[in-house]
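Enquirer: Let the sequences and hints guide you as you build the complete structure.
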Amino acid sequence: MKALYRYSLLILLYIAFLTGCVEPYAPPVIESDTNYLVVDGFVNSTDGTATVKLSRAIPLSSTDSPPAETNATIFVEDDKGNRTALLGDQAGNYTGSGIPIDMGSKYRLRVRTFDTKEYLSDYIELKESPPIDDLKFIPGDNSISIVVSTHDDTGDSRYYQWSYDETWEYTAVYVSGLIWVDGEIIDRPYSEYVHRCWRTTSSKHIIINSSEKLQQDMISEFPVVNISKGSQKLFIKYSMLLKQRVLTREAYDYWEELQKTTESLGGLFDPQPGKVTGNIHNVSDTGEPVLGYFSGGSVQEKRFFIGLLDLPDHLKAFQTVGNCTLDTLLLADVPNYYPDFNELIGTANNGPILIGYTYSSKSCADCRTQGGTTTKPAFWQ
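Here numbering that gives the first Met the number 0 is used: the first residue of the sequence shown is 0, the next is one more, and so on.
There could be a bad hint or two in this list.
As the list claims (entries may be wrong) - Listed next, the in silico PhoX-like pairs over lysine-lysine satisfying Cα-Cα at most 25 angstroms (straight line):
| # | residue 1 | residue 2 |
| --- | --- | --- |
| 1 | Lys203 | Lys52 |
| 2 | Lys301 | Lys52 |
| 3 | Lys236 | Lys52 |
| 4 | Lys135 | Lys301 |
| 5 | Lys203 | Lys242 |
| 6 | Lys203 | Lys236 |
| 7 | Lys301 | Lys375 |
| 8 | Lys135 | Lys361 |
| 9 | Lys52 | Lys361 |
| 10 | Lys242 | Lys135 |
| 11 | Lys203 | Lys301 |
| 12 | Lys52 | Lys116 |
| 13 | Lys212 | Lys242 |
Claimed, not checked - Ranges between beta-carbon positions, derived for each pair:
| # | residue 1 | residue 2 | range |
| --- | --- | --- | --- |
| 14 | Thr324 | Asp132 | 47 to 55 angstroms |
| 15 | Gly345 | Gln318 | 17 to 25 angstroms |
| 16 | Ala331 | Pro66 | 50 to 58 angstroms |
| 17 | Thr94 | Pro222 | 26 to 34 angstroms |
| 18 | Asp114 | Gly229 | 42 to 50 angstroms |
| 19 | Ala90 | Asp133 | 31 to 39 angstroms |
| 20 | Glu117 | Arg367 | 40 to 48 angstroms |
| 21 | Gly47 | Asp88 | 14 to 22 angstroms |
| 22 | Thr324 | Glu191 | 35 to 43 angstroms |
These aren't lab readings, by the way, just hints derived from the structure by calculation.
Quick caveat: nothing in here was measured; it's all calculated off a predicted structure.
Glycine included, every Cβ here is placed at the ideal spot set by N, Cα and C.
Expert: What follows is the structure, given as structure tokens:
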């Protein structure tokens, strides 16, 4: 805790310095070597799986993404001698399944990086999460707030953390009914339409709350996320899969401290302004800072949907044409058509006579350019 206090003090002094000086200054804590290992690990006692994300910290001034730590050897170990290996990919994600779960056992993470450094987490206890009581939205003047409620009659939870996957359905401005194939323009098969998409993203911010100061172990209508009026997410239909975990007091303190030092600057995976160390340590060099936390327990999930018609009238918004335009490709110019940046929409006629075809940019006629996929999710209603 003394080290954590020093790091927090450095951050506070840095903020105070900025507010009192006219000329900008980049302090050593920001610009010094920050190639620290970052570990985000969790054992899911619900299904006996484990997920670990390994990366390297980068300076706050950097605009690059944190580099993934690949080719590491990772094990989840319990205090009875059982060990499960995790397999990694090139993005620094390591997963494992078939972990023997005993809620009475304690677990730790063992990491051996490609440069043969070895790291161990502290042993952790697994925490049971109560069910999610309710997940709904509350309309505001210019946005909706998605809120969660939960409680634990035993009073053993107290410290909660949430994450979510959100999926929304949307369309391109124009429907491309034609396709360019080997120099010819033909009707686009219905199975190849690129007008309707579904996009899924995951939460990137720290979402925690505690009932520690309440008489009852209860969280009531805690805001998870706000969505503004006019967001593409609300044009047709939106869905959220919320995941709830219960933390130990030590894990909660870690995430709360990290929230304080990062949320004002960006997201969870953005560069960090200081060293908020967790429960993972270098086996042979205890002085090396290691960022991140290893925790575990059960996960409760709840999904809900919001359709356009579910919104109050003052929050309903519809997609507009915006900057999208339609241009005409005359028949004489068809041999010179360049399809890489455009999509064909339909025919252009002068009365009954075909004179060419209409087209627009891919960003206006191919929904996939906005990050989605034309494959409808299996859970979609």
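Enquirer: A separate judgement is required for each hint: does it hold in the structure or not?
Expert: Hint check results:
At most 25 angstroms may separate the alpha-carbon atoms for a hinted pair to count; Lys203 and Lys52 meet this at roughly 13 angstroms. Proposed proximity of Lys301 and Lys52 is supported: the alpha carbons are some 24 angstroms apart, at most 25 angstroms. A hinted pair counts as satisfied when its Cα atoms are at most 25 angstroms apart, and Lys236 with Lys52 does not qualify at roughly 31 angstroms. Using a Cα cut-off of 25 angstroms, the hinted pair Lys135 and Lys301 holds, with the two alpha carbons roughly 10 angstroms apart.
The straight-line distance between the Cα atoms of Lys203 and Lys242 is roughly 13 angstroms, inside the 25 angstroms bound, and the hint therefore holds. A threshold of 25 angstroms between alpha carbons decides the hint, and for Lys203 with Lys236 the separation of about 22 angstroms falls inside it, so the pair holds. Under the criterion of a C-alpha separation no larger than 25 angstroms, the hint pairing Lys301 with Lys375 is consistent with the structure, at around 20 angstroms. Note on Lys135 and Lys361: the hinted pairing is violated, with a Cα-Cα distance of about 35 angstroms set against a maximum of 25 angstroms.
Straight-line distance between C-alpha atoms of Lys52 and Lys361 comes to about 35 angstroms, which puts the hinted pair past the 25 angstroms bound. Of the pairs offered as hints, the one joining Lys242 and Lys135 holds, with about 14 angstroms between alpha carbons and a cut-off of 25 angstroms not exceeded. This hinted pair checks out: Lys203 and Lys301 have alpha carbons roughly 18 angstroms apart, not beyond 25 angstroms. With a C-alpha separation of about 17 angstroms, the suggested pair Lys52 and Lys116 falls inside the 25 angstroms cut-off, and the hint holds.
At roughly 23 angstroms between alpha-carbon atoms, Lys212 and Lys242 fall within 25 angstroms of each other, so this suggested pair holds. Between Thr324 and Asp132 the C-beta distance comes to about 49 angstroms, which sits within the given range of 47 to 55 angstroms. Taking 17 to 25 angstroms as the suggested C-beta distance range, the pair Gly345 and Gln318 conforms, at roughly 19 angstroms. At roughly 52 angstroms, the beta carbons of Ala331 and Pro66 sit within the given window of 50 to 58 angstroms.
Checked against the given bound of 26 to 34 angstroms, the beta carbons of Thr94 and Pro222, roughly 31 angstroms apart, stay inside it. The hinted range of 42 to 50 angstroms is satisfied by Asp114 and Gly229, whose Cβ atoms lie roughly 49 angstroms apart. Taking 31 to 39 angstroms as the suggested C-beta distance range, the pair Ala90 and Asp133 conforms, at roughly 35 angstroms. Glu117 and Arg367 have their C-beta atoms about 43 angstroms apart, which keeps the hinted 40 to 48 angstroms range intact.
Restraint check, Gly47 to Asp88: a C-beta distance of roughly 20 angstroms satisfies the suggested window 14 to 22 angstroms. Between Thr324 and Glu191 the CB atoms are about 24 angstroms apart, so this pair departs from the stated range of 35 to 43 angstroms.
Consistency note: the structure conflicts with the earlier hints numbered 3, 8, 9 and 22.
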